[in-house]
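Trainee: These protein sequence lines are chains A and B, in that order.
First residue of the first sequence? That's -14 in this note's numbering, and the numbers climb one at a time after it.
First residue of the second sequence? That's -14 in this note's numbering, and the numbers climb one at a time after it.
Hints should not be assumed to be uniformly reliable.
Heads up, the list lumps identical chains together, so a pair's fine if it works in one copy or across two of them.
Stated by the list, open to error - Using 30 Å as the maximum straight-line C-alpha spacing, the simulated DSS-like pairs for lysine-lysine come out as follows:
no., residue 1, residue 2
1, K163, K69
2, K39, K171
3, K39, K183
4, K179, K34
5, K92, K228
6, K138, K244
7, K171, K(-13)
8, K228, K69
9, K228, K70
In short, the hints are calculated from the structure, not lab data.
2 protein chains.
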Amino acid sequence: MKFEVTILGSNSAIPAHGRHPTAQILNFNDELFLIDCGEGTQMRMGELKVKRNKINNIFISHIHGDHVFGLIGLINSMNLSNRKKPLHVFGPVEVHQTIDFQLQLTKNELSFPLVFHETKMEVEQIVETSNLEVITIPLDHRVACTGFLFREKFRESNIRPEAIAQYELSVDQIKAVKNGSDIQTKSGETIPNKDLIKKKKKNRAYAFCTDTAYLESIIPLIQDVDLLYHEATFTESELSRAKDTFHCTGKQAATIAKKANVHKLLLGHFSARYGNLSPLLEEAQEIFPNTELAHEQVTFEVGS
Amino acid sequence: MKFEVTILGSNSAIPAHGRHPTAQILNFNDELFLIDCGEGTQMRMGELKVKRNKINNIFISHIHGDHVFGLIGLINSMNLSNRKKPLHVFGPVEVHQTIDFQLQLTKNELSFPLVFHETKMEVEQIVETSNLEVITIPLDHRVACTGFLFREKFRESNIRPEAIAQYELSVDQIKAVKNGSDIQTKSGETIPNKDLIKKKKKNRAYAFCTDTAYLESIIPLIQDVDLLYHEATFTESELSRAKDTFHCTGKQAATIAKKANVHKLLLGHFSARYGNLSPLLEEAQEIFPNTELAHEQVTFEVGS
Chain A
-14 MKFEVTILGS NSAIPAHGRH PTAQILNFND ELFLIDCGEG TQMRMGELKV
36 KRNKINNIFI SHIHGDHVFG LIGLINSMNL SNRKKPLHVF GPVEVHQTID
86 FQLQLTKNEL SFPLVFHETK MEVEQIVETS NLEVITIPLD HRVACTGFLF
136 REKFRESNIR PEAIAQYELS VDQIKAVKNG SDIQTKSGET IPNKDLIKKK
186 KKNRAYAFCT DTAYLESIIP LIQDVDLLYH EATFTESELS RAKDTFHCTG
236 KQAATIAKKA NVHKLLLGHF SARYGNLSPL LEEAQEIFPN TELAHEQVTF
286 EVGS
Chain B
-14 MKFEVTILGS NSAIPAHGRH PTAQILNFND ELFLIDCGEG TQMRMGELKV
36 KRNKINNIFI SHIHGDHVFG LIGLINSMNL SNRKKPLHVF GPVEVHQTID
86 FQLQLTKNEL SFPLVFHETK MEVEQIVETS NLEVITIPLD HRVACTGFLF
136 REKFRESNIR PEAIAQYELS VDQIKAVKNG SDIQTKSGET IPNKDLIKKK
186 KKNRAYAFCT DTAYLESIIP LIQDVDLLYH EATFTESELS RAKDTFHCTG
236 KQAATIAKKA NVHKLLLGHF SARYGNLSPL LEEAQEIFPN TELAHEQVTF
286 EVGS
């Protein structure tokens, strides 16, 4: 089952060096989730052939422009292409307000239901499907801001081929085993699921944490995730500026990753002052070696 | 004196085929004017190395998103880069409202004065400098919408080199002649300006007309302009759709250009349905041969 994230924008407030404001596409089992929507996101999606109407859920961390200025344009294009399916938008109340205001200004009757879900500064499960949950992660920024944890709830197991032959399993039985069921053989014997499958795989998780000051309270929430995207706006040499603006350094992001024992760290939300991002990467890798830069147009797998 | 326009975006409502929503940079004597500001305009400017802080005046035709969604992002970036100079924005009242609302939402105190000038559905001189005037052109769209006429008021003349030698003109006198003055020679004789300059050049003009239904009332306003940018959203085969949506066909744009006796016509605001724009160009050139497509990242000279 696919679980991967594609970076559309990795820069902080001012677009620079060919880098764009924050936006990511999370693909979970071919369902697309958009995370943040900086200006130009719909064009980035076009470049990568991401179909806008495959997106049913958009998650916005906070109201700062580099995370939300592309949302009205995307909604407008969905409307102009006569979308019918509901679109769910999760974010602080201000996101709802700004979209509503702009739609009213142009007296725009949308062709589809736009459903707002206001996030709060608390840990809350905001989406639950049969195999995925999304949970808010309160962050520490100048305005209300949450990260998002995407956690697999159930992961299909691989069945052992020899078990299929041994117990003469039907197609329906194979499906049931993959979904965690025990089975009953023709002779009436019950075979427990664990004897039919290969080693059970760990459920995977992706955490998106931007924008925020250094914040240890997020560690229990993101403990052991496979992939952590954490903002690293500045290098450690700009620590005081990072503190003043409620942002993090590369070193701080790596410290969080290490303390939370995540598998891999992705750095993003880079300040426009950095053309060359190597110093940022290097200072993080000193603390947490399995770190990469969130390069745009690159897809990163969540777990394995 | 430079007078040229660079196309940043030429598409209509939905970005497609690598084309972007409407925006243009007019360079008049190295002063930059931004005309419309669709989503992503600041990134297009970055690609062309257009410095945002060289822009002091922005003209917005109407409130539809493909003409204005990039404005808040550009203002935000100007603010983050600590601009001090005033920024003048000309457009319908809704443009003012949407920017104000978004700034208030983020409690954003701008580092510079933002001065709104509300355009009305009438012909009005909205800018006047010593050598340029800008005049609104009321259009016929689904919402209040104006075009803009940029007209040179005074054009420096070229002086005849032999006149400099003959009358032993000083540097100050040469400057005065170029600016239209007669001069007095050392012997007290008055030489009229016309005897000192090469042939007087015609004042140049650029007209920007989008979005609009076919509208003959604009013809007297744009009569004889050197360059007319006119929307041509559809081909003539979609005439009824053009009428329904208050847009024009290539043929209609060319008819306006011909009746107004302009020098050159630029077609723009292309519907996303057209990957290949040749049919649009061809139908216009049948009526008005000196027509070009407003290709993005191309600079067109206004007059000669």
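Trainee: Identify every previously stated hint that the structure contradicts and give their numbers, smallest first.
Mentor: 1, 2, 3, 4, 7
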